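Chains as they are written, first to last, in our numbering: chain W, 1 to 98; chain V, 1 to 382; chain U, 1 to 464.
FYI, nobody ran anything at the bench for these hints, they're computed from the structure. Wrong hints could be hidden among the right ones.
[Claimed, not checked] A short list of chain V residues far from chain W (calculated; beta carbon distances all over 12 Å):
1. GLY261
2. THR262
3. ALA302
[What the hints assert, rightly or not] Quick look at which bits of chain U chain V covers, simulated, 3 or more residues with Cβ under 8 Å:
4. 140-148
5. 166-174
6. 289-299
7. 379-391
8. 405-413
None of these values were measured; they are calculated from a predicted model. Cβ coordinates follow ideal geometry from the N, Cα and C atoms, glycine included.
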Amino acid sequence: MARRLAGTGTAVRFSFEGMAVEASAGDTVAAALLAAGHRNLRASAVSGAPRGPYCLMGACFDCMVSIDGVAGRQACMTEVAPGMDVRRMAAILDDGEG
Amino acid sequence: MNAPSRPTRRADIVIIGGGIHGCSAALYLAQRGMSVIVLEKDSVGRHASGVNAGGVRRLGRHLAEVPISLRSMAIWHGVADFLDDDCGFQVAPQMRLARTEADLALMRARVAQMQALGYSHEVIIGSNEIRQHIHSLSDEVIGAIACLDDGFAQPYQTTFAIQRKAKALGARFHEGVLAEQVARDRGGDWQVTTPEGTFAAPRLLLTGGVWSGQLAAALGEPVPIIPFAPMMLVTSRLRPFCHAVVGAAGVPLSFKQMPNGTVVIGGGRPGLPDPATNRAETVFHPLRMSAQACISLFPIMAETSIVRTWAGLEARMPDDIPVVGRSQLHEGLYYAFGFSGHGFQLGLGMGSIMAELIATGSTDVDLAPFSVGRFTSLQAAT
Amino acid sequence: MIREVDVAVIGAGPAGLAAATEAAGAGLSVVLLDEQPAPGGQIYRAVEGADAGLMHILGRDYAEGRALVAAFRASPAEYLPGASVWNIGTDRLIDFSRGGAIACLRAASIVAATGALERPCPIPGWTLPGVTTVGALQILLKTSAVVEDDLVLAGAGPLLWLVASQLVAAGAPPRAVVETVPKGRMSAALSRLPGALRSAGYLRKGLGLIAAVRRAGVAVHAHAEALEVEGGAAVTGLRFRAGGREHRIACSAVGLHQGVIPNQQISRLLRCDHVWDAAQHCFRPVLDAHFRTSVPWLHVVGDAGGIGGARAAALQGRIVGLDLAVRAGRPDDGRIGALRAELDRDLAVRPFLEAFYAPDPAILNPADSTIVCRCEEVTAGTVRAAVRLGAPGPNQVKSLIRTGMGPCQGRVCGVAVSTIIAAAQGALPDRADYYRIRPPLKPVPLTELAAYPVIGPEVEAREP
Ligand SMILES: Cc1cc2nc3c(=O)[nH]c(=O)nc-3n(C[C@H](O)[C@H](O)[C@H](O)COP(=O)(O)OP(=O)(O)OC[C@H]3O[C@@H](n4cnc5c(N)ncnc54)[C@H](O)[C@@H]3O)c2cc1C
Ligand code: FES
Chain W
1 MARRLAGTGT
11 AVRFSFEGMA
21 VEASAGDTVA
31 AALLAAGHRN
41 LRASAVSGAP
51 RGPYCLMGAC
61 FDCMVSIDGV
71 AGRQACMTEV
81 APGMDVRRMA
91 AILDDGEG
Chain V
1 MNAPSRPTRR
11 ADIVIIGGGI
21 HGCSAALYLA
31 QRGMSVIVLE
41 KDSVGRHASG
51 VNAGGVRRLG
61 RHLAEVPISL
71 RSMAIWHGVA
81 DFLDDDCGFQ
91 VAPQMRLART
101 EADLALMRAR
111 VAQMQALGYS
121 HEVIIGSNEI
131 RQHIHSLSDE
141 VIGAIACLDD
151 GFAQPYQTTF
161 AIQRKAKALG
171 ARFHEGVLAE
181 QVARDRGGDW
191 QVTTPEGTFA
201 APRLLLTGGV
211 WSGQLAAALG
221 EPVPIIPFAP
231 MMLVTSRLRP
241 FCHAVVGAAG
251 VPLSFKQMPN
261 GTVVIGGGRP
271 GLPDPATNRA
281 ETVFHPLRMS
291 AQACISLFPI
301 MAETSIVRTW
311 AGLEARMPDD
321 IPVVGRSQLH
331 EGLYYAFGFS
341 GHGFQLGLGM
351 GSIMAELIAT
361 GSTDVDLAPF
371 SVGRFTSLQA
381 AT
Chain U
1 MIREVDVAVI
11 GAGPAGLAAA
21 TEAAGAGLSV
31 VLLDEQPAPG
41 GQIYRAVEGA
51 DAGLMHILGR
61 DYAEGRALVA
71 AFRASPAEYL
81 PGASVWNIGT
91 DRLIDFSRGG
101 AIACLRAASI
111 VAATGALERP
121 CPIPGWTLPG
131 VTTVGALQIL
141 LKTSAVVEDD
151 LVLAGAGPLL
161 WLVASQLVAA
171 GAPPRAVVET
181 VPKGRMSAAL
191 SRLPGALRSA
201 GYLRKGLGLI
211 AAVRRAGVAV
221 HAHAEALEVE
231 GGAAVTGLRF
241 RAGGREHRIA
251 CSAVGLHQGV
261 IPNQQISRLL
271 RCDHVWDAAQ
281 HCFRPVLDAH
291 FRTSVPWLHV
301 VGDAGGIGGA
311 RAAALQGRIV
321 GLDLAVRAGR
331 PDDGRIGALR
341 AELDRDLAVR
351 PFLEAFYAPD
361 PAILNPADST
371 IVCRCEEVTA
381 GTVRAAVRLG
391 APGPNQVKSL
401 IRTGMGPCQG
411 RVCGVAVSTI
421 IAAAQGALPD
431 RADYYRIRPP
441 LKPVPLTELA
451 AYPVIGPEVE
461 AREP
């Protein structure tokens, strides 16, 4: 599991899938979720397979979540804010064509 | 020192331009037993034919185009068997929404006119029927004109499949080969000069899309092609909510949801065409209007993001219908270009009509409205 | 009204910071845009905020970033953090999003300093949650002081060892380092060693890192092959072959690395000329001596123009910043020449590193069943099937099977798809083509686009 070294900043509380998560001010949503043990942030678009942050630098889009109702936000590019409501994005599965 | 002249390649016909029209004509001509050479300066389907919106639409066609469009549609409905590739073709209603009684009255008049001409494919549908196809729709919509068994397809997949079928029937494609000049030799053959040598044939078909103007002018038949760059937007995936290809009266918009959930939006302000560099540039600022129109008609769209945009290079004619048929000046020269933003659906039928015209000398489709002469006489008058 | 500036710099890593600092110092109006909340780029990420403990863990090279950031902060350049540039028009109009709204500005010269991306590592299981790039692990450490406890690092390249040593210093050594450099690489790279000795500092540092990781008792497996991440819904282990036998290390996180490659999104968007760099096994934009692309007003500095590392990036940035000022009529005080000489020295180590750390051949041509396009979940085999059907290049393959059509816009899979296609056609990679990059470079919410501010007649006039 991921863990935080000593010396964290001010605590920020938000929620992931309704579960309380404690982050440190300045964390990205992705870092805060990883530190809290949440690696599986979304279902992939095509097969629905579990996915989590891969690059943490805004390139891969595997960290996309829905934040306060806005889908498709990059968790690794978004700083946590108190009270944020972060959710997994529901998979919209291909029906095999297109 | 002169370079040794490169071998001349000869066929019954040379086609200049490997878009859907060039490929489709090649397929049907090969099917009729002709030897065919297609010259494509880039790669097949690289331009309008590979990047268009994929709308397979009879709805709202110019009256002169209706026979070609109907002939095409019959082929589309069996396209998977014909091309051994489903081309991503899906039957789906095409509809144009009305939000005012005045718009709806115009639509009713159009349907009456079509019926008087013996065409029954366009119908008026009410708002309940519309809502069976579109689950998130503005309350303002009161009715629509529709073609219930139109559809959409994957443009590159289609053009590529037509090319493969044409190849299987013996057509030869030379990609990355620019037709620079065309001249008639003493034996009556067209000589097409390219950086890869000369190609020759007694017949020549020009299907060069937006690049057709230079060769047509050199052949003595200048045409006022307007370069045109329709823009397309693709969104992130949304849960299925729309099973129709939708436009709306008074709104520059065409809209459809793909089976994978992405929504493809077109029909808005065009981008910047630059045929000389093969480039069509997207300009975002005016797209705000398309974005606003989308959200107001389909509220669910407020949840999506634009993932990708592009613009394609298309030839538009001043009267928005193509130049199709025989040259007025030269025996053995044919044209099919200038499809003005709606030539994808026509591609399959047009190819079969051109092949018929070229191989038999006539076709039962009236091509007079598409004559290249309509511009020549215009110019003579000014 | 559209705001006009002399220079827009995109990217606040060493290259962008240096370019902006010099150009603004010479009196040009400069705006620097970056999507991160703070300056530093990937290498010096969060450098202003790091406390003494973290500084110690991250090492002296990281600390060097402080001076660069401080000089930039002290310069008159304007800084727009949190600004994500997603389109640049041929009329030099830059569209970007900031704080949920679109804005635009126009610059006479644009400097793309968008850095590097990690090379895609398509191996079985690389899409499982718990697999990240090694760079991602370093970002976690820099920005949040978060470390993975149950981790294996796998791949090749200087960053692999740097991060391993930083994790050791943080008291969170990885379970193992699995290095994929094949046997025989050293002898292949030896001919480049004499040149590399001109910048021997890098070599000494590199050997020091490796030694520190070994000293800490981290298991090191050399010449590993056939890597495979194991797991159903999450990582459970890493399998590989090394030393003539199969290995399996149980772990819940895997960091992958096969070097870095230029981030070409902007230079591709503007259709600049690019070449295949056979030494670096990647594409890079063609640049002249002034770091200008084939589009005369677009410059590319730092790793985005070819991998050279942080020092070289800063030197290139300074050169371009000064150069732009000279071309705007400011006097040339001779600093450019000195910087160029320093840049040459600094880059001397590269040919050796490139030869030694050339990517694992298996990564360039993955097995049929391995996913290459993560967004659209397309396997290498599907790409090869499209090639067999006759698709001539990456753009046609993209149209047929959706590789590169997902939200990452081909950033992750691009080079892998190009090399797979070239190999399937029996062509050398230098014949390979690349995706045409379409705007927006990052997805833009439709609501944001709908609220694009009205910007006046000048742009309207450009519309057909
Ligand atoms: C964005 C967009 C959306 C569209 N949406 C739809 C739609 O939904 N439904 C619909 O029915 N239509 C649509 N269209 C229109 C449709 O795509 C075109 O009408 C149709 O593809 C035209 O085909 P073409 O073969 O004439 O032209 P192109 O596809 O442009 O092909 C012409 C080819 O000729 C080649 N060429 C030109 N000159 C030479 C030369 N001298 N030597 C060698 N080669 C040459 C070019 O490289 C090119 O490949 C759309 C168009 C665009 C751009
Ligand atoms: S983890 Fe790659 S974009 Fe966020």
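Now the hints, each set against the structure:
1. GLY261: violated (4 Å)
2. THR262: At about 8 Å from chain W, THR262(V) fails to clear the 12 Å cut-off, so the statement is violated.
3. ALA302: ALA302(V) not clear of chain W: closest Cβ-Cβ about 10 Å, inside 12 Å.
4. 140-148: Our answer is that it is violated, as 0 residues pass the Cβ test (under 8 Å) against chain V, missing three.
5. 166-174: Three-residue rule not met by the stretch 166-174 of chain U, so violated; n is 0.
6. 289-299: With 0 residues close enough to chain V, the hint is violated.
7. 379-391: holds (count 3)
8. 405-413: Answer holds; 4 residues pass the 8 Å Cβ test.
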